[in-house]
Amino acid sequence: MMTFLLKGVLRDRGRSLFPFIVVTTGVFLTVTLYCYIRGAELDVVRSNANLRHGHVKVVTRAYAKDVDQIPNDLALLGASAQIRDLEREYPDLEWVPRIEFGGLLDIPDAHGETRAQAPVAGFGADLRTPGSPEPGLLGLANILVAGRLPEASGEILLSAGLAERLKVGPGDVATLIGTTMHGAMSMANFKVAGTIRFGIGALDRMGLVADIADVRKALDMDDAAGEILGLSRDGLYRPDRLAAVAAAFNARFAGSGDEFLPVMQTLRDQPGMAMMFDRIRDVTNIILGVFLLAMSLVMWNAGLVGTLRRYGEFGVRLAIGEDKGRIYRSLVAESLMIGVLGSIAGTVLGLALSFYLQAVGINLAGVLKNVSFLMPIVIRSRVAPAAFVVGFVPGLLATLVGTGIAGRGIYRRQTAQLFKELES
Amino acid sequence: MNDGMIIRTTSLVKIYPLGEQSITALDDVNLDVRTGEFAGLVGPSGSGKTTLLNILGSLDVPTRGSAEVLGERIETLSHRKAADLRNRHIGFIFQTFNLLPVYSVYENVEFPLLLLGFSPAARRKAIQAALEWVHLADRAKSRPSQLSGGQSQRVAIARAIVKKPALVLADEPTANLDAENSHGILRTMEDINRELGTTFLFSTHDGKVIQHLRRTITLVDGRVAKDEVRSGA
Ligand SMILES: Nc1ncnc2c1ncn2[C@@H]1O[C@H](COP(=O)(O)OP(=O)(O)O)[C@@H](O)[C@H]1O
Ligand SMILES: [Mg+2]
Chain A
1 MMTFLLKGVL
11 RDRGRSLFPF
21 IVVTTGVFLT
31 VTLYCYIRGA
41 ELDVVRSNAN
51 LRHGHVKVVT
61 RAYAKDVDQI
71 PNDLALLGAS
81 AQIRDLEREY
91 PDLEWVPRIE
101 FGGLLDIPDA
111 HGETRAQAPV
121 AGFGADLRTP
131 GSPEPGLLGL
141 ANILVAGRLP
151 EASGEILLSA
161 GLAERLKVGP
171 GDVATLIGTT
181 MHGAMSMANF
191 KVAGTIRFGI
201 GALDRMGLVA
211 DIADVRKALD
221 MDDAAGEILG
231 LSRDGLYRPD
241 RLAAVAAAFN
251 ARFAGSGDEF
261 LPVMQTLRDQ
271 PGMAMMFDRI
281 RDVTNIILGV
291 FLLAMSLVMW
301 NAGLVGTLRR
311 YGEFGVRLAI
321 GEDKGRIYRS
331 LVAESLMIGV
341 LGSIAGTVLG
351 LALSFYLQAV
361 GINLAGVLKN
371 VSFLMPIVIR
381 SRVAPAAFVV
391 GFVPGLLATL
401 VGTGIAGRGI
411 YRRQTAQLFK
421 ELES
Chain B
1 MNDGMIIRTT
11 SLVKIYPLGE
21 QSITALDDVN
31 LDVRTGEFAG
41 LVGPSGSGKT
51 TLLNILGSLD
61 VPTRGSAEVL
71 GERIETLSHR
81 KAADLRNRHI
91 GFIFQTFNLL
101 PVYSVYENVE
111 FPLLLLGFSP
121 AARRKAIQAA
131 LEWVHLADRA
141 KSRPSQLSGG
151 QSQRVAIARA
161 IVKKPALVLA
171 DEPTANLDAE
181 NSHGILRTME
191 DINRELGTTF
201 LFSTHDGKVI
211 QHLRRTITLV
221 DGRVAKDEVR
231 SGA
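Residue numbers (our numbering), protein chains in the order written: chain A, 1 to 424; chain B, 1 to 233.
So here's chain B without its partners, still in its complex pose:
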């Protein structure tokens, strides 16, 4: 996949068994995302946004079809290989921040680097840089419980980008934030996208986010209903 595509899905189907019946969460999704895009999956609740992000993040596997991310076919990866892909190349941001409460801001951001086996000096440098990106260098010692929602989500962004991943997947990152904080973290992510070339793929139904997206992919009932690139955005 040397054609500048970081994500390519082909006839992607995800069916959840539900007792006797089953739910088709994704239905024949064909999608390409280029390296460096700042794109979003939009659509009502239950349209399959989270399911798609989870598969692209190698946390879940498709029922049929193929999902190729950073040159890896998700459906063929072992647990360990999938973890390795996430570890090296993918950053996650969640609606509910999901910081580890017993660790300080610094330690939360440090965690991915420990998994990657960074040296202490390299860790310190990377964490410092990541915290500066999100304007939280002065809160390194704080615990998550001492932070506001906006600050918590900034820490989560720092944690996602500290290892300089190629791809960041953000599942409704503003759903628990007010307008000011929502725009704030989106501007930060735009900066990171521009300066580091990191690809961002959001899921959202929040107008404030959609304003910032350069491409919106609309999902309805697990199908791509619309795919618009906004010129000049």
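The shape of chain A in the complex, shown without the other chains:
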């Protein structure tokens, strides 16, 4: 009987093709958008974690309070000992020290007079210790525009945008005018080793990356670190687990009021990030909901048209001896077949496009001018395992709901009436 129905479905284009196309399209869009959003989320998480916040971050309580002013006078002292402790306690996380700083970059001319000047937002990371994870985390090799990575003490990387504005390039000298940890003015000479482009608005406008040893020297921050970032070794951010880790870590010092005790924060705790995660979840749910609704409506409509067209057939089938329940179930079974086939086709197409977008990405430079968190300019899709099923649920549900409602007409009509439509 199932084969018999399937034959009918496949041969009657009007019955199968339109619903099939609707389901395929809906599922295709669902899968594609889902992968793209997942990709955006992962890209945003990766940028923010690797460049700025880690999956967790350890700072002093006082630093945490005034974090937007980059209060290096409140930095963690004895950073190497603290990192050793953290490594011992949380071996599945990789721990790296960072110092963020602001300042003025001064470019001298041949006579030592200021030729150009610009504010910079820089950070120091361990770029030169052999085996340091930092060049990899920052992806420096991939984003180098000109020159090379710092090899000797005193060498820095400038964002390409900043370098262009200041008209400097590899080999040029630049002076950083900043503030030491103790509040004094500091001036330190650096040599530009190379220029980089992060593909992230704020960093590309005024970014400077230096080796943390040089930054410590320049800002008088011996063995200090503004922040210690912890990143899981497999690169995956697990919000719930890390929230528990941070809570346990912080509970240890709960009794004390000392402002210089360390505090651990998760990526989600960082400014703008919680909202970003929630937004992404909301948008995902809304998109899935909208597609489910739209597909259901279209399928309902297609089902109505289809069953109206087929009242004659139902009449014959009733006369031959099917009961209404059985005809109704066969309608649902037919739509189930179409739903399954359409969902498979839509998923395959959606995954294909998503794999392509995972490799290529879409450039969003125009859209992303004013966001508070780091947002990469090129967003790639991400084919997560859930993408293989995320389209199926709405696809099948829509077909079943649509046909289910439309098919009830069979019950509402008097048998004789269905039968009468044979004669017209």
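To be clear, the hints were calculated from the coordinates, so they are not data collected in a lab.
Note that the coordinates shown come from a computational prediction; the quantities given were computed from them, not determined experimentally.
Do not rely on the hints blindly, as some may be mistaken.
Claimed, not checked - Simulated crosslink set (DSS-like; lysine-lysine; CA at most 30 Å straight-line):
1) B/Lys-141 to A/Lys-7
2) B/Lys-208 to B/Lys-226
3) A/Lys-7 to B/Lys-164
4) B/Lys-81 to B/Lys-125
5) A/Lys-324 to B/Lys-164
6) B/Lys-208 to B/Lys-164
7) B/Lys-125 to A/Lys-324
8) A/Lys-7 to B/Lys-125
9) B/Lys-81 to A/Lys-7
10) B/Lys-81 to A/Lys-324
Based on the hints, put chain B with the ligands in the right spot on chain A.
Chain B with the ligands in isolation, oriented as in the chain A frame:
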């Protein structure tokens, strides 16, 4: 009902509500049909022939009175029981053939057997036999759209008799056929009636059909006006 009656109606009334008013389509119909009869309901359009056939075929229920078909009281049957009765024992033939267009001749005839759960081998044998009865064994693979009206009605007959029902109800089966085809399918049905003992009840106002009937039951305004058995027919 072991008295050889396949159909017995008692004071059968069917009233259709129509807005404020109502239409009495059948008005106190009392009718007996014996197993093996070749009988017809005749009468002008609107006299209640289709309504009566639909009730006898358990597609509709009487408003009052009783219709007993193959020992079942139609007015008491659930939807499922009614479907079961049609499925096992009753074949329908319609004025407009009503073949399922997406299925081949073979598959159209196969459909009732699928509902009855016949095995593939039993299906093949029964379909072959039914198509031979209607002289269409060579068109098994054709689609309904490739058939003439006469051929289509033959397929419909094959579909109605393939499960060897006790009763075939044929509602104006020749209304869309020319004279030659009309006589052709009636001869076929006469053969089936004679050889298989299938009871046939027609509705018609077509003289060509009436010629073949051995009994004519005339309906006028929902009442049996005349009931004649033709000797020697
Ligand atoms: N579903 C229905 N609703 C209302 N009136 C109906 C319906 N079916 C038939 N009738 C009416 O009942 C009467 C008998 O109709 P019908 O049985 O179709 O007659 P026949 O088949 O002899 O032409 C007619 O007056 C017709 O209009
Ligand atoms: Mg009629």
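Now for the hints, and whether the structure bears them out:
For the hint linking B/Lys-141 to A/Lys-7, the alpha-carbon distance of about 14 Å falls within 30 Å, and the restraint holds. Among the hinted pairs, B/Lys-208 with B/Lys-226 is consistent with the structure: their alpha-carbon atoms are about 19 Å apart, no more than 30 Å. With a C-alpha separation of about 26 Å, the suggested pairing of A/Lys-7 with B/Lys-164 holds against the 30 Å cut-off. Restraint check: the Cα-Cα separation between B/Lys-81 and B/Lys-125 comes to about 28 Å, which is no more than 30 Å; the hinted pair holds.
Of the supplied pair hints, the one linking A/Lys-324 and B/Lys-164 holds, its CA atoms being roughly 23 Å apart against a limit of 30 Å. With a C-alpha separation of about 26 Å, the suggested pairing of B/Lys-208 with B/Lys-164 holds against the 30 Å cut-off. Between B/Lys-125 and A/Lys-324 the alpha-carbon distance is near 29 Å, which keeps this suggested pair within the 30 Å criterion. Only pairs whose Cα atoms come within 30 Å are accepted, and A/Lys-7 paired with B/Lys-125 is accepted, the gap being roughly 22 Å.
Annotation: proposed proximity of B/Lys-81 to A/Lys-7 holds, straight-line Cα distance about 28 Å (limit 30 Å). Restraint check for B/Lys-81 and A/Lys-324: satisfied, since their Cα atoms lie roughly 11 Å apart, inside the 30 Å limit.
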